[in-house]
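> Sequence:
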Amino acid sequence: MKVQVRNADNLSIIDCSGDVDLYTSPRLREALLNELQSGVPSVLLNMSEVSYIDSSGIATLVEGLQLSRQTRTRFGLFGLRSNARSVLELARLHKVFNIFADEQEALEKIATVQPFGGL
Numbered sequence: 001m002k003v004q005v006r007n008a009d010n011l012s013i014i015d016c017s018g019d020v021d022l023y024t025s026p027r028l029r030e031a032l033l034n035e036l037q038s039g040v041p042s043v044l045l046n047m048s049e050v051s052y053i054d055s056s057g058i059a060t061l062v063e064g065l066q067l068s069r070q071t072r073t074r075f076g077l078f079g080l081r082s083n084a085r086s087v088l089e090l091a092r093l094h095k096v097f098n099i100f101a102d103e104q105e106a107l108e109k110i111a112t113v114q115p116f117g118g119l
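Numbering (the numbering used here), first residue to last: 1 to 119.
You may find that some hints are simply not true.
[Unchecked claim] 25 Å max Cα-Cα, derived DMTMM-like pairs, lysine to aspartate or glutamate:
(1) K95 to D15
(2) K2 to D15
(3) K109 to D9
(4) K2 to D21
(5) K109 to D15
(6) K95 to D54
(7) K2 to E49
(8) K109 to D21
(9) K2 to E105
Source of the hints: derived by calculation from the structure; they are not laboratory data.
Use the sequences and the hints to build the structure in full.
Shown next, in the form of structure tokens:
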């Protein structure tokens with residue numbers, strides 16, 4: 001799995017590619033927590049190249065969501081493939097995450113998201 005961070009005006013985008021599983025989720029966790037603690041107002045996670053996510057990956061996302069609420073940082077996911085979306089839906093987490101179709105929508109709408117989660 002590869003994790004790369006891009007910084008733009010008032011937000012960070014974390015590009016993630018490959019499988020997010022027990023062995024690779026610590027890399028995503030480190031990047032996600034660093035960005036959420038950096039003081040940037042918004043963090044977006046690009047999951048368009050994530051081919052698989054397991055429970056440890058979901059736990060990482062939930063930990064990020066909890067930290068975003070503590071730090072009052074806007075946090076959203078975009079570009080979810082059907083398998084990752086299905087995992088979130090099975091766990092009913094699609095209702096608590098801000099999920100956007102693609103990067104353009106995420107960039108347009110992240111500013112309207114409440115920093116404590118939800119639209």
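> Please write out, lowest number first, the hints stated earlier that are contradicted by the structure.
Going through the list in order, the structure violates hint 8 alone and respects the others.
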